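2 protein chains.
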Amino acid sequence: VKTKGRPKKIKTKWLFKGRLFQFATIELRAPSGRKFSHQVVYHPGAAVVLPLLDGERFAMVRQYRTAVEKNVLELPAGTLEHDESPLLCAKREIQEEVGFRAKSWKKLVTYYPAVGISTERMHIFLAQNLTPCPMALEQDEYLTREIVSFRQLKKMVESGTIADGKTLLAFHYYCQYIRKR
Amino acid sequence: VKTKGRPKKIKTKWLFKGRLFQFATIELRAPSGRKFSHQVVYHPGAAVVLPLLDGERFAMVRQYRTAVEKNVLELPAGTLEHDESPLLCAKREIQEEVGFRAKSWKKLVTYYPAVGISTERMHIFLAQNLTPCPMALEQDEYLTREIVSFRQLKKMVESGTIADGKTLLAFHYYCQYIRKR
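Protein sequence lines, in the order shown, are assigned to chains A and B. Numbering follows this note's numbering, in which position 169 of the first sequence is assigned residue number 169; successive positions increment by one, without gaps. Numbering follows this note's numbering, in which position 102 of the second sequence is assigned residue number 102; successive positions increment by one, without gaps.
If you are wondering where the hints come from, they were derived from the structure by calculation, not from laboratory data. Quick caveat: nothing in here was measured; it's all calculated off a predicted structure. Watch out, some of these pointers could steer you wrong.
One copy or two, it doesn't matter: identical chains are merged, so the pair holds either way.
In silico lysine-lysine, DSBU-like type, Cα no more than 30 Å apart, as pairs [what the hints assert, rightly or not]:
1) Lys70 to Lys17
2) Lys154 to Lys70
3) Lys155 to Lys70
4) Lys91 to Lys106
5) Lys13 to Lys70
Same shape as in the complex, but just chain A (with noise of 0.2 Å):
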């Protein structure tokens, strides 16, 4: 199978520009000339947080979600804001979302959601050795923090209760990553 070669972007239109991000129409032309056109989210990116609580409890959090129009059980997670890292991002939501400190800090995994439509990056951190303090929810969050125990999210996860890409995959690397102790 060969390669009909790249595109080319010839024009932006700005369709939105937000605070968190912004959305265009891109004009590309095709190798063979033929012009057409994608619309991509022009994205940040995100920092996620599974946070490991003794007796392997996660601190989670379920958060209204005004796309799909129902409460979400996910994992702590928010957008970068300018020039700040995925770490110190992640730092800030494990605070603000569910109250906690964490001494200990391991990526597990950085990955576009969806990269057909955006720029989108997700950085998943596991967070460990955590202390509480108190929590500091931003203006429109509506969220409830719920403590979860391995079992409950494992269960979770097989019977498709747990339907968040983000808290899928963190729970996947979690468990590879503790059969590699």
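Based on these hints, arrange chain B on the given structure of chain A.
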């Protein structure tokens, strides 16, 4: 930790309506009465296929992705057409993108890849008992087929060379599946 209640959608302002997806600003009212807004990508969902060949090899695609402006090695996948079931879409996509038909199909997982910004659900299938058929790429698709062994794929997952979320998740579900078999 107490829930603060659930916001209510009060208005949808369409910013973009395309053939494959839409983009809108959703205005919401918080339980406190305060108004705020979120942006949402409305997406019909996608089917992803892990096509398993003899000798534990996989048929993958290296595809130019406008969002990240590079060629990405990933599994064949595509957006659900109007009224199309995920399985029908999966069957169409492995034929179009890698030139195979499969006799046996197994759903590995359904998940939200980016629940913070998009309604999209991805349905990942394992396709087995493959027979070759002609490829039929859609216009605006620039990709080449690559046949990759389990060993190669494992190495690329572990080294971070595979950066696409659906491909990582499919790989982990496959590993779980073969251990259970």
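For each hint, the structure was consulted:
Both within a single protomer and between protomers do Lys70 and Lys17 lie at most 30 Å apart by alpha-carbon distance, with minima of 26 Å and 23 Å respectively. For a Cα distance limit of 30 Å, the shortest separation of Lys154 from Lys70 inside one copy, 22 Å, qualifies, whereas the shortest one across copies, 35 Å, does not. For the homomeric pair Lys155 and Lys70, the shortest alpha-carbon distance inside one copy (21 Å) is at most 30 Å, but the shortest distance between copies (38 Å) is not. Taking the shortest alpha-carbon separations for Lys91 and Lys106, only the intra-copy value of 12 Å comes in at or below 30 Å, while the best inter-copy value is 39 Å.
With identical chains, the CA atoms of Lys13 and Lys70 are at most 30 Å apart between copies only, with a shortest distance of 20 Å across copies and 32 Å within one.
In this structure, every one of the numbered hints holds.
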